[in-house]
Amino acid sequence: MITTTNLSKKYNGNQVLNIAHLEIPKGQSFGLVGNNGAGKTTYFSLLLDLIQPTTGHITSNDIQVDLSEDWKPFTSSFIDESFLIGYLTAEEYFYFIGELRGQNKADVDALVNQFEDFFHGEILKQKKYLRDLSKGNQKKAGIVAALIGNPEVIILDEPFANLDPTTQIRLKKIIKDLGEQKGVTVLVSSHDLSHVTDVCERIVVLEKGEVVKDIVTSGETLKELESYFAGTLEV
Amino acid sequence: MGFFALYFIIIFLALGVGMFPMLKKIFPESDPFVMFNSFIFYWILGDLVIRFFFQKLPVMNVKPLLTLPLKRKKVVNFVLGKSALSFFNFLPLFAIVPFGVTLIFKDYNVSVVLVWMLTIVIITLINNYLNFIIESLSAKTELSFLPIILLSGGLFVLNHFEIINISELLAVGIQSIASNPLYLVVPVLILVGLYIFNFKILRDKLFLDSSLKTKTQEVHASNLEWTKKFGDIAPFMQLDLKLLWRNKRPKSSVWMLILGLLYGLVFYPNPEYQDKEFFFAFVGIFITGIFLINFGQFIPAWDSGYYKLLMSQNIKYKQYLKSKYTLMTFSVIILFVLSIPYVYFGWKILLAHFAAAIYNIGVNTHVILIGGSFNRKKINLNERAAFNFQGTGAVQWIIGLPLLILPMAIFGIANWLFSFEIGITVLIFLGVLGIVLHEKLMKFITKKYLASKYKMIAAFDQDN
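Chains P and Z, in that order, are what the protein sequence lines are.
Last residue of the first sequence? That's 235 in our numbering, and every number before it is there in order.
Last residue of the second sequence? That's 464 in our numbering, and every number before it is there in order.
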């Protein structure tokens, strides 16, 4: 589904990302972990064609993302707060995203209503603009908006950060369901190792822009990751 | 808004330079210095009212300071001290200094003039701190602007009907301070008193849950179904309309319409301008295009806060730009219709406005959209609007001048070489040409935006 070839990104000569080859098959839930500055967000931004690669390219469904825009209809994402429109209410925001993705109000309502317990009564019918919601609630709205319009690829950068424990658990279930039931390719990055191992079938560790580990998740994975990151700390 | 700040600076400069000869001409019998002082009362009143609506204490900036090991006293002093550097306090200087220099050249006593200038600066600062007191006291009431209106209105009435001749008293006071610097103690004491009062108010309020709390706005949801008529650009139209209505800064560009519409009254009633036809074109471009200029100069920076979202979503740049174009075009048409009453000052004016409107729709909309593709400055939608230069860069100036000057020049030359009618025809022709070529131009503009996509994303991601 997503193929990365000879991809690198340099800022003023500093290499921040360098991936020779990475293949993510359709329907895989894919986790990206790494310390700050490892290149997680850079990789996602390249995937969304928000920044230009220095070398190489990414193809999504055989479409090279920096040449054609045809990947947009089946891709959705929530990277950070700049994906929210602060002066809309949550509903208006969902409808707006829905319109962009060819969904009418009824479609959007049907989808959004599935997430009532995820919202915990703090998002819908609040008569509040998104900019006035707490960080956690903003994140909830952004994540659900990324699910509108039956995307085949969903990219979530640090979705667990800022969420309360209950919501974290509910989000894990949502992500798992997406991969299992609908065959959606989900790409998630996180600093929380246990969440990622819970959710993802495969975990890639980035360090200073390079892939240093590529693990198929098993019972041992969390331990392996923990000892790896403990090790990098000591160095 | 950059335009308006410069506009005010120029007005004040002109006022300062021209004040002396003007007063001499209107009141040949009296001393211009004394005359000027008798007007200071009105200036103080006007200044206070304007400050009340546009100047806010920069209190939100102190949030990060609260957790630092700084004495609360220091933080409060910092906020109050910083407010003294506001644009509002510098603006009068542009008028006071040239006027003072003129006085010195006219052989007024140098020390008197210097003390006088100092007095005015102190009065400006008094206004500065008085305003914050009025604001904090009236903030609790429902109609928060009522106290200031009552206060300034009351003083004005008292003065106007000479119940208490405040302007006279004030003039005498300033006059005697100027001639005897010892009296400077009085305004300085007033200033210190106001500062201390402000200090007390602020010290008690500087907590996260009181004045530092961000206000949450009630949602005004409106059904914008009518935009559906515009087809595939409807979602963007709705977004733009909400953008305009729900954010402080773009909202002010809507209020500017009213000011802009009245702009003609500055020139048209004056018989001196009756035969200066090239001016009609300028005023026409300005009146029918004020929204276009104000709103257009910050495309696409208005959307800078969520530009990444737009760029990763399934949207067509063309629709996005078309929505902005449609909005601007409608504003021109509406403003032209609203400006029809100017026909009172002559049919030529109406004709010039019509030609200017066509030119705005056909040419200026496209020019400003092209200019937008060079826009690299982020805008924070929710910051106060007046005299906010955020997002203003060289682009706005370079684009702004041809928007206003070029049509005036084209019309002026055609008018001078041939006739008024030819001038009008040329403007209309250019406008129609732009409208005919609209699709082509939009294609070109869209390409420009696509080409600078990465640069814009990177620039909007940064806080400038």
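Calculated directly from the structure, the hints in this document are not laboratory data.
Built from N, CA and C at the ideal position, the CB exists for glycine as well.
Fair warning: there could be bad hints in the mix.
As the list claims (entries may be wrong) - Stretch by stretch, here's where chain P covers chain Z in the computed footprint (C-beta under 8 angstroms, at least three residues): (1) 69–77; (2) 239–251; (3) 446–459.
To be verified - Far from chain P, some chain Z residues (derived; all Cβ distances over 12 angstroms): (4) Ile26; (5) Val112; (6) Phe278; (7) Lys316; (8) Ile340; (9) Val436.
So, going through the hints one by one against the coordinates:
1. For the region 69–77 of chain Z, the stated coverage by chain P is not satisfied: 0 residues place a CB nearer than 8 angstroms to a CB of that chain, which falls below the threshold of 3.
2. With 5 residues carrying a beta carbon less than 8 angstroms from a beta carbon of chain P, the region 239–251 of chain Z meets the three-residue requirement, and the given coverage holds.
3. Note: the region 446–459 of chain Z has 3 residues with beta-carbon separation from chain P under 8 angstroms; the three-residue rule is met and the coverage holds.
4. The claim that Ile26/Z lies off the interface holds: its Cβ sits roughly 49 angstroms from the closest Cβ of chain P, which is beyond the 12 angstroms cut-off.
5. The beta carbon of Val112/Z is kept farther than 12 angstroms from every beta carbon of chain P, the shortest such distance being approximately 54 angstroms.
6. The beta carbon of Phe278/Z sits about 41 angstroms from the closest Cβ of chain P, which is more than 12 angstroms, so the claim that it is off the interface holds.
7. Annotated as non-interface, Lys316/Z brings its C-beta within 12 angstroms of a C-beta of chain P; the closest such distance is 9 angstroms.
8. The non-interface label for Ile340/Z is consistent with chain P: the shortest C-beta to C-beta separation is roughly 34 angstroms, beyond 12 angstroms.
9. Against chain P, the non-interface label of Val436/Z holds: every CB pair exceeds 12 angstroms, the least being about 29 angstroms.
In the structure shown, a violation is registered for the earlier hints numbered 1 and 7, in ascending order.
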